[in-house]
Amino acid sequence: MASYNLKVNGKEKTVNIDDDTPLLWVLRDELDLVGTKYGCGIGQCGACTVHVDGVAMRSCSVPASSLTDSEITTIEGLSTEKLSPVQEAWKELDVPQCGYCQAGQIMTATSFLKQNPNPDNQDIRNAMHGNICRCASYNRIEKAVALAAKKMS
Amino acid sequence: MKNQDKITFSRRNFIRTSALASGGLLIGFNFFTACKETAQPPVDITKLNFNDFNAFIKIADNGYVTIFSPNPEIGQGVKTSMPMIIAEELDVPWEHVSVAQGILDTNNYTRQVAGGSQSIRFGWDALRQTGATSKQMLINAAAAKWNVDASTCNASNGIIKNANGDELGYGDVVNDAAKLEIPENITLKSPKDYNIIGKDAINVDMEHIITGKPLFGLDYKTEGMTYVSVARPPAFGQKINSYDATAAKSVNGVSEVVQFGDKIAVLASSTWAAMKGKKALKIDWAKDSTLENTSDHNKELNKILDSNSLDVRREDGNVKKAFAQADKLIERTYESPFLPHNCMEPMNFYANVTTDKVHLVGPIQTPAGTARRIANLIDRNEEDIHLEMTRMGGGFGRRLYGDFALEAAEISNITKQPVKVVFSREDDMAAGIYRPAIKYRIKASIKDGKVTGYHLKEAAINSNMYGLIPNFFPAGAIENYKVETGNYRSNITTGAWRAPYTNFLAFAEQSFFDELAEELNVDAVQLRLDLLSNVEDGKDPSIEYSAKRMIDTIKLAAKKSNWGNSSSGIYQGFAAYYSHNTHVAEVVDISLENGKPKVEKVTVAVDCGIVVNPTGAKNQIEGGVIDGIGHAMYGDFSFENGKPQDVNFNTYRLIRMKETPIVETYFVENELSPTGLGEPGLPPAGGALANAIKAATGQILTKQPFIKELNSRKTDLSA
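First to last, the sequence lines map onto chains A and B.
Under this note's numbering, the first residue of the first sequence is numbered 1, with each subsequent residue one higher.
Under this note's numbering, the first residue of the second sequence is numbered 1001, with each subsequent residue one higher.
The following block holds chain A by itself, in its conformation from the complex:
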């Protein structure tokens, strides 16, 4: 066990963890940020997606101890006063069914739109392919990413 300083959603946090502890479990169990979800633990499903220095990353597969110099953003930190354009689009199109995977979907979409603000449908499909939705809300995720791009332009 060792003490590490992390910057999560703009706030400095000190955690006492083993150096192999994935960021996911530090967020969920130590920092009470449970919006980031556990789905597979091996980077295959995308439910645990967060932003590290603005880039989408699978928090289940990266040790928190390696991120002491990074800005970590979770779904809880995506918007403060009002919903982000991606969240607005998700709401407008009534995307979620069970809702469990959606935080990860939103984090992936947000990071993707930063890199590609004017995607076509094929770009969106490629970008979102790594995130599983077991309820299969894929049609609406695809439409919501396109709508969010429109809102941001």
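No wet-lab data here; the hints were simulated from the structure.
Where hints are given, some of them may not hold.
List time: in silico EDC-like cross-link candidates among lysine to aspartate or glutamate, alpha-carbon distance up to 20 Å [unchecked claim]: (1) B:Lys1213 with A:Glu30; (2) B:Lys1601 with A:Asp123; (3) B:Lys1221 with A:Asp32; (4) A:Lys143 with B:Glu1664; (5) B:Lys1658 with A:Asp120; (6) B:Lys1279 with A:Asp18; (7) A:Lys114 with A:Glu88; (8) B:Lys1279 with A:Asp19; (9) B:Lys1249 with A:Asp19; (10) A:Lys143 with B:Glu1207; (11) B:Lys1598 with A:Asp120; (12) A:Lys82 with B:Glu1207; (13) A:Lys91 with B:Asp1205; (14) B:Lys1658 with A:Asp123; (15) A:Lys143 with B:Glu1659; (16) B:Lys1443 with B:Glu1519; (17) A:Lys143 with B:Asp1200; (18) A:Lys91 with B:Glu1207; (19) B:Lys1443 with B:Glu1331; (20) A:Lys91 with B:Asp1200; (21) B:Lys1199 with A:Glu92.
Negatives, chain B to chain A, calculated, CB over 10 Å [claimed, not checked]: (22) Ser1098; (23) Asp1316; (24) Lys1321; (25) Asn1594; (26) Ile1610.
Counterexamples of contact, computed for chain A against chain B with all Cβ distances above 10 Å [as the list claims (entries may be wrong)]: (27) Tyr4; (28) Lys11; (29) Asp53; (30) Ser70; (31) Lys114; (32) Gln115; (33) Leu147; (34) Lys151.
All values derive from a computational prediction rather than experimental measurement.
Quick reminder that beta carbons are idealized off the backbone N, C-alpha and C, glycines included.
Since the structure of chain A is already known, use the hints to place chain B on it.
Same frame as chain A, but now just chain B:
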């Protein structure tokens, strides 16, 4: 089945009304006794432990309404759609209504279950009556205050008015209303006057979901709670011989290791530490019973199909005679593997067993049955059990079984501390209660250009199709008809999986009809319409579907999909299926990309009666269809020496964005009572896809997953 504007009901539908100490009115109502006599409980009633639903609504003294919904939310949308029905008849603005998840309350709710796509169907009358009765009580209270006859008053949008132009809000009279007798002979709204039902209402948990608020079982925690990872036998048919926990106990954060039955629980201060501790356990597993293989299951199921001593589930006419006199006989055997549910939220449950009470929190589709089993298991009175349901990260049938909750209760009982059992994905997939592997053999006879006989045999692991399925189409449409079933008892645990049995049966039958159509040289859609024209609705009361509704649904799907006139390079496949009281027809459009089928679009027509919440309804259909296509295409799960061969998403393939077709959904418009949508969209999808692949390539698929069968044939489909 026609809706009535006026439904007579008695006070027994309401189980309690009371004024609240905090102000406001509380009304309890009983779903089950409020059901019309013609409403039948779902067929698998004993298995699903599914019976009546009760719920409460509270009207606060500011006029705002809360419904305590007893029905667990697993993503099927009832937490939104059920309150809409109350709000419609109570006549309050939708914005003034909120819904709270009811806790398990065995005194006030008799049984609380999500299953069988039945929540809306059973809730329809009761929810409307409750809303309308409450509205009348509020009107009666206002009339008394004004000293006028209640019949001269009316109410809408939360405001009561009288003939003199006076107005009172619901909140102004709610405390008086709570003291009144429950009125009878309430008039319900006509569907043409609906303001809320039939209009899109977004998911009531939307803001919480998209901002990452704690909602799910996995998110629940209490001060001092310990996380638990459980080592279970890696293969079905194994038990613990011995184990060494030395290394596990030396993992940072691990506090305790305990054996219970043939499982070992590792308790720790974090999920990660518990999981690491479990990996560090050294366990010597021993054989306890047969270690089964998928290849053995194949042989056993084939033996059943070949046998002549199966259980006859329905028999019309004389199939043997029809076969003997046939011009032509067609026979096919269809095979499907086991399937894990793979809810995105792995199984988990919180338990705190103390001398005072047993506190349980988590995602469960069957809270009452689970609480009873826990009381039994740890020898407690049912009254000690306090169970709270969380939102569920998917159910698909897996959370009907409370094994994970029982584990949590047992571990808390042994270790005397609050615990949260968390399954890893590997635990979730390897300790499943799977959709059983099933085979169907269908044989049909053709004589003088007509289908004269139909014989279906089912061979399944552990259990067979539930009671009403033999009465689904084509029962009633073919003169000589027989359904027989048999099963092989396995130690691999199996259970309900979204649209039990029909999730594969529909593929088998709907593919078979396509072959029959080809043999008869008739269009595939026309064959269904021809067969359905043999059925007179109501003539044989055992027949489950409505031929008229199915015909209308099929025609809508054919029209909207441009059936028979698809554009160049697009191949179409058709399937129609009735299940869970809803009629669905689907047309799958595929293209070939480098010789491989690419699913482009699915056009779906649905008759579920009145559509309560169109956006939610479409969500269910889109999800069900893509789920059906995904599992038909990719779902594969096998056992070697009792051990599941896939335990995570690196090898177990679920459908993803790029493989997903666009789903277009159309509803048959009518004013019939609504039926469920969580399951019925799924069954036809696999058959429609197989028929599209056949249209494109001539390949007849008989085994799921299709991808495996196509690859094994090494067919260049572009050839």
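Unmet hints by their number, sorted upward, for this structure: Every hint satisfied by this model.
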